[in-house]
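Chains A and B, in that order, give the protein sequences. Add 2 to a position in the first sequence, counting from 1, and you land on the number used in our numbering. Add 2 to a position in the second sequence, counting from 1, and you land on the number used in our numbering.
In case anyone wonders, no lab produced these hints; they're calculated from the structure. Do not take every clue at face value.
To spell it out: a stretch of chain A is covered by chain B in this simulated footprint if at least three of its residues, at any positions, have a beta carbon under 8 Å from a beta carbon of chain B; those stretches are [claimed, not checked]:
1. 112-121
2. 147-156
3. 285-298
Keep in mind it's a predicted model, so treat the numbers as computed, not measured. Positions of the beta carbon are idealized from the N, C-alpha and C atoms, including for glycine.
2 protein chains.
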Amino acid sequence: MRIHIQNRSASAPFVLTPAQWHAAAARAGETDHEVSFGFDTDAFTAAIAEAEILIASPSTIGSLLPFAGPRLRLMFTTAAGVDALRPFERLPPGVLLVNNRGVHGAKVFEYAAMALLMLNTRIPAYAAAQRRGSWEPQFLPVIRGRRATIIGTGDLGAAAARAARMLGLSTTGLRTRALPHDDFDRIRLIAELDAVLPETDFLVLACPLTPATAGLLDRRRLELLPQGAGVVNVGRGGLIDQDALCDLLDAGRLGGAVLDVTTPEPPPPDHRVWTTPNLLVTPHVSADEDPATYNAATLEVFFANLRAWRDGGMPPNQVDPGRGY
Amino acid sequence: MRIHIQNRSASAPFVLTPAQWHAAAARAGETDHEVSFGFDTDAFTAAIAEAEILIASPSTIGSLLPFAGPRLRLMFTTAAGVDALRPFERLPPGVLLVNNRGVHGAKVFEYAAMALLMLNTRIPAYAAAQRRGSWEPQFLPVIRGRRATIIGTGDLGAAAARAARMLGLSTTGLRTRALPHDDFDRIRLIAELDAVLPETDFLVLACPLTPATAGLLDRRRLELLPQGAGVVNVGRGGLIDQDALCDLLDAGRLGGAVLDVTTPEPPPPDHRVWTTPNLLVTPHVSADEDPATYNAATLEVFFANLRAWRDGGMPPNQVDPGRGY
């Protein structure tokens, strides 16, 4: 196939190099493709006229839309969340969209375990006390036996659930369909969210950002959480009303928050998320390993989807634009 | 028996109350003791003339030494580390010393898992970037497969090893005798420390502070750690040369440190540990649960040791002043 790989720039952190491609292609027995690499709009314009497959990040594709790809049949996104492509009506018609779901579990597993333990230990408060040079012990119960509610039961949510379960929390997963899931102690419908929030010690957001989930955790819902509850966001910043979250942290109603995603990213220098007490921000690193490992895993997912599609099947990671994931 | 319980003050965080005593004594079937409670030196002086057993924290006992207890036969410390009693020559002669080893594992397990993950994720650097309002992602490998070296194979060290193993690290335990230990992948003699340090991604200090371990991690040994290694201290601040540690963090030679113990405690307001980059300080909270849970567990350990002693045996938690633990 004729494949074009468009990188955001030559210095972007996850730039996909010819060396990485050739190593992955050799491992997969897929060395007979014609591959081009682009780093700017000119290279993209030249390549998209011929390419049958485009590989790029959602934000890179989003920045180039709309475009025509007369021979284009499949676009593979190097991230799992494709919200940066919205509105999907801009996508070239008739082109399969495939994401790289499946490479983030190991990292999110560790991040979720860390974030839950940090909230239970009140690390954000200790970090603030440290800046004041102040020794302010709080002797608190272990996390074992507490209750985690995880919104989203895909790769991220399931990894967070395995992390919570490893630490001895009870886990409730919220999903759109009432299907059981081995990684969760129980599954509830997302429509039951309001009933589950009051029974939550730690809320983990791990679902895609879609029109159905944008602003899902609004002020009213955040106020349904018990006094002192903690919030972890590894999904997308737009899932939660950040202002309401900051108000509830300011007031001491919530115990703490660990946000790996914000809206916008990065937040402007005067944004409240930088300074709200008991709120720790990390710069969207909860799901991505180091670039070499990440790119190798991403290309492995790509080739697996390519094989399924070439064999006449549906690529396992095909995105349904109607659902948005 | 005639038992005196000396609290540091009526407002100390772990004050042992008559209600807690009576509940624990009822659970243990030990309701026929004569018990007194003291909060100040006068109460202690009056009680110690008659007491056969003294229950108090090591620092409380240390602050009262030397004293004579004509009928005293056993002292039970409500902490595990008894370094605050040093020099042991001040202890009343012929009195058994018993600590409450065994109640800290669940908490240290969680703290060690958290600290290892925080160091691998570079949380101290993100916290500093947050204070600057700066979004500075680092995409780093997962912790699974990395190497933890744990000094001390007692309750704390074993709990830290179980936490590291749960996260997929390989674990090396250092102890004074070459006996295997199920919670570690391998055991090395503490005399082999210099050979193990260069093969360490994360060093966890979890041993007692004794004349043999004071300053164990001096500058020379800290410099044996690989570039970017992380250090966790849940033992005692005096185990490590804090100045050397801060120098190596300042220079970027070490990747980060999480210190739950320092020397002194608390550090004075102008101490470097408050401000050194990539160093997180927590106020000696890694091993102690909330006071109600902690005191109930402590008294359970006390009664178990009392029973063993009354039956003519050696209390399992008897401290050997020669070893210092």
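Verification of the hints:
With 6 residues bearing a CB less than 8 Å from a CB of chain B, the segment 112-121 of chain A meets the requirement of three and the coverage assertion stands. With 0 residues bearing a CB less than 8 Å from a CB of chain B, the segment 147-156 of chain A misses the requirement of three and the coverage assertion fails. Using a Cβ-Cβ cut-off of 8 Å, 9 residues of the segment 285-298 of chain A lie near chain B, which meets the minimum of three, so the contact claim holds.
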